Amino acid sequence: MQKREFVNSIYKKSLSLIYNWLGDKIFLITIVSLGISIILLALGMAWVLLYEGHTSLKVHGVIGFLTSSEWDPAVKLRFGSLPFLFGTVVTSVGALVIAFFPAIAIAIFIAEYAPKWLGNIIENMVHLIAAIPSVVVGIWGIFVFVPWMREVVYQPVYTWALENNSSLLPILGNPIGYGMASATIILALMIIPFTTALTKDAIDQVPKEQREAAYALGATHWEVIRMAVTPYARGGIMAGSVLSFGRAIGETMAVAMLIGNKNNFPFTIFGPAATMPSVIINEFREAVENLHLSSLMAIGLVLFVISLIVNLFAAYITRKLSITGGQSI
Amino acid sequence: MVKEKNRAEKAISYKKPENNSHNILKLNSMSQLSDVRMETKKLSVQYGDHYGVKDVSIPVYNKQVTALIGPSGCGKTTFLRALNRMHELNRNIKVSGEVLLDGENIYGDKVNPVIIRRKIGMVFQKPTPFPIMSIFDNVVAGLKLTGTRDKRYLNEVCEKALSQAALFNEVKDRLNTPGGKLSGGQQQRLSIARALAIEPEVILMDEPTSSLDPLSSMKIEELINELKEKYSIVIVTHNMQQASRVSDTTAFFYMGELIEYDSTNKIFTNPENRKTENYITGKFG
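One line per chain: the protein sequences are A and B, in this order. Using my numbering, you'd call the opening residue of the first sequence number 1 and step up by one each time. Using my numbering, you'd call the opening residue of the second sequence number 1001 and step up by one each time.
Rather than coming from a laboratory, the hints here were simulated on the basis of the structure. Please note that a few of the clues may not be correct.
Unchecked claim - Within a straight-line C-alpha distance of at most 30 Å, the following computed DSSO-like cross-link-like pairs (lysine-lysine) qualify:
id, chain 1, residue 1, chain 2, residue 2
1, B, Lys1181, A, Lys208
2, B, Lys1054, B, Lys1266
3, A, Lys262, A, Lys58
4, B, Lys1119, B, Lys1063
5, A, Lys208, B, Lys1054
6, B, Lys1266, A, Lys208
7, A, Lys208, B, Lys1144
8, B, Lys1181, B, Lys1119
9, B, Lys1119, A, Lys208
10, B, Lys1041, B, Lys1063
11, B, Lys1094, A, Lys208
12, A, Lys208, B, Lys1228
13, B, Lys1266, B, Lys1063
Said to hold, decoys possible - Chain A is faced by these chain B residues, among others (derived, beta-carbon under 7 Å):
id, residue
14, Val1114
15, Arg1117
16, Arg1118
17, Met1122
18, Thr1128
19, Ile1132
20, Ala1141
21, Leu1145
22, Gly1147
23, Arg1149
24, Pro1271
This structure is a prediction, so every number in the text was calculated from the model and none was measured. Glycine included, C-beta positions come from ideal geometry on N, C-alpha and C.
Modelling step: build the complete structure from the supplied sequences, incorporating the hints.
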C-alpha cells in the first residue's frame, strides 16, 4: 500500500521542464537527425560522383565508357574503363577463389577442433591481421613477398615456358613481380581474415541441438560438420564471402603498390595491370584535363555502384539462405 | 511460492536419504518381464565437483518402455545422455561407472562412441530435423553415414521408417521438401523416423513431447506403444500421466539419485518410498 502511494506521489508532482520535455525531445532529435544524415551522406556521395563524372559519361556514352579499353589521358583524351573494370573483377574474384577454402578451413578449425586456448589465440591473430593497415601489407609485399615470388615462382615458370612451351609466354607476361598475380595473392591474404571471422561467427550460431542430432545418428566429428554445421551456417558463410569480395573490390593501397599500374588490356598473368581503385589513386593528382578528372570520377561512380550491388547481394543471400523455420515451433 | 517449496521440502524429508544399497533392486513384481537389454552399474555423472547423477544402477528390459521421472534438475536427462555417451561432447563432464549393452560396457576402452550412438538412437526434447535437408535425406541421413548408397534400399528404409513413425501418409507426396518446413509435431516424428532408420537396438527419448501440442503428443505416445514391439525404449518425461500411460517400468530420480525403480504399475499405485509417493501424488515437483 505504502509503495503505491509513493508511486502516485511521484506522478502527481509536476516534473521539471527539462526532464519532461527537453530531455526526450533533444534525444529524439539527435538520433533521428544522425540516422537520416547517413542516408543523406550516401546519396550526397553518389550525387557528387554522378555530377562530376557525367561529363565523361556524356562524351563517351555509358556503354562506351564501360566497354572501351582505350585510356589515353595524354594525347587523344579518350577514356574507357574496361581495363580497370576487368582488373578489378579478375583480382577480386581470383582473391576470393584463393581465399575461400583456406578461410573456411581456418574457421572450422577455430570453432570446432582447436582447444579453447588455441582457438582464442588464432581468432585474435585473425582479427589482428585483419586490422593491419593495407599500406603496411603493401610495403611487406614490395620488400618481401614480390622478390620472393619472383625468385621462387614467376621466373622458374617463365623459364620453363620459354624452354618448353613458348605459346604460353604471351599469357604469362614478364615475370617482373609487380602484376596481376602478386596483387591477387596479396588480396587473398588480406581477405582471408575477414572471411574467417565471418564464417566463424556463422558456425558459432549453429544450435547445439543440430550438432547433437547428428552425433546421435552416429556421425563422426567431420560428418557432424558436413551434415549439421556447414549447411546450417551456409547463409552466414556465403554472406561473409560476398562481403569479403566487396572488400577486395574496394581495396586500394596494397593493390596499387603491387599491381604494377599499367592499363594493359588484354592483360597477362605475371605482367602489370590496374584496378579501378588503383587507377584513381594513381592518376587523380595528375588529372589536369577536366575530361580526365571526370573519367576518374565516373570510375569512382562505377565502383560505388558495384560495391552497393555486392552489399545488397550479401544481404539478399543472408535472408535467402539463413535458416528460420527449422528450429522454432 | 515459498510456502510451496517448504511443503515440498517437508514432504521429501519424511525419510532420511538412504544409502545406495536400496538401488540394487528387488524385482519381485517384475518377474514377468523379459530379458535385460541394457544395464547401468553405479553410473555417475559429474559436472566438476557436482554430481548430476550419482551411483545409479537400473536395468532396461528388452522391448519394454522404461520411464525416467522426477522434478526438474533431478538428473534424469543427464542420466539418459550418459546411456549413449552424449556427455563426451562436453569436456567438463565426467562419467564413471558402467553402462552395459547386451553385457558389454559401452564405456570400455576399445569401444567407439560413434558405433555406440548408432546402436543407441536418441530423440531430443526439441525436434531437430536438419532444416535444409529434404525429408527423405533427413530420414536416411544416418544410413548414408554408414556408407549405404543403394537408392532402392534407401527408398525402402525411408518409407518403412516414416511409416513406423506414423508420418509417411502425411508427407509421402513431398519427400523432397525441406524438413524444416514441417509442423512441430511432424518434425518430431521425422526425428523419430530418422532415429529408427538406422535400426538401433535401444531408443532414448528426452521429453519427446514437451514442446508439442496435446494432439501431437498423443500421436507420439501411440507411436511409442507401437515401437516397443520392436525396440527397447528409455523415455524421460515430466508428465506423470504420460509415464503411466506409456511405460512398463519407471525410475524415480531425485537430486541426482535414484529413489525408486519398479514396474510402472507398482510405482504409481503402491510406491515403497515416501518421496516417490509424494511426487506421484503431486505434493511437490
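Hints versus structure:
{"no.": "1", "hint": "B:Lys1181 - A:Lys208", "in the structure": "20 Å, holds"}
{"no.": "2", "hint": "B:Lys1054 - B:Lys1266", "in the structure": "24 Å, holds"}
{"no.": "3", "hint": "A:Lys262 - A:Lys58", "in the structure": "25 Å, holds"}
{"no.": "4", "hint": "B:Lys1119 - B:Lys1063", "in the structure": "15 Å, holds"}
{"no.": "5", "hint": "A:Lys208 - B:Lys1054", "in the structure": "25 Å, holds"}
{"no.": "6", "hint": "B:Lys1266 - A:Lys208", "in the structure": "38 Å, violated"}
{"no.": "7", "hint": "A:Lys208 - B:Lys1144", "in the structure": "22 Å, holds"}
{"no.": "8", "hint": "B:Lys1181 - B:Lys1119", "in the structure": "29 Å, holds"}
{"no.": "9", "hint": "B:Lys1119 - A:Lys208", "in the structure": "22 Å, holds"}
{"no.": "10", "hint": "B:Lys1041 - B:Lys1063", "in the structure": "20 Å, holds"}
{"no.": "11", "hint": "B:Lys1094 - A:Lys208", "in the structure": "19 Å, holds"}
{"no.": "12", "hint": "A:Lys208 - B:Lys1228", "in the structure": "29 Å, holds"}
{"no.": "13", "hint": "B:Lys1266 - B:Lys1063", "in the structure": "19 Å, holds"}
{"no.": "14", "hint": "Val1114", "in the structure": "5 Å, holds"}
{"no.": "15", "hint": "Arg1117", "in the structure": "5 Å, holds"}
{"no.": "16", "hint": "Arg1118", "in the structure": "3 Å, holds"}
{"no.": "17", "hint": "Met1122", "in the structure": "4 Å, holds"}
{"no.": "18", "hint": "Thr1128", "in the structure": "4 Å, holds"}
{"no.": "19", "hint": "Ile1132", "in the structure": "5 Å, holds"}
{"no.": "20", "hint": "Ala1141", "in the structure": "6 Å, holds"}
{"no.": "21", "hint": "Leu1145", "in the structure": "6 Å, holds"}
{"no.": "22", "hint": "Gly1147", "in the structure": "11 Å, violated"}
{"no.": "23", "hint": "Arg1149", "in the structure": "15 Å, violated"}
{"no.": "24", "hint": "Pro1271", "in the structure": "32 Å, violated"}
Hint violations for this structure: numbers 6, 22, 23, 24, all remaining hints satisfied.
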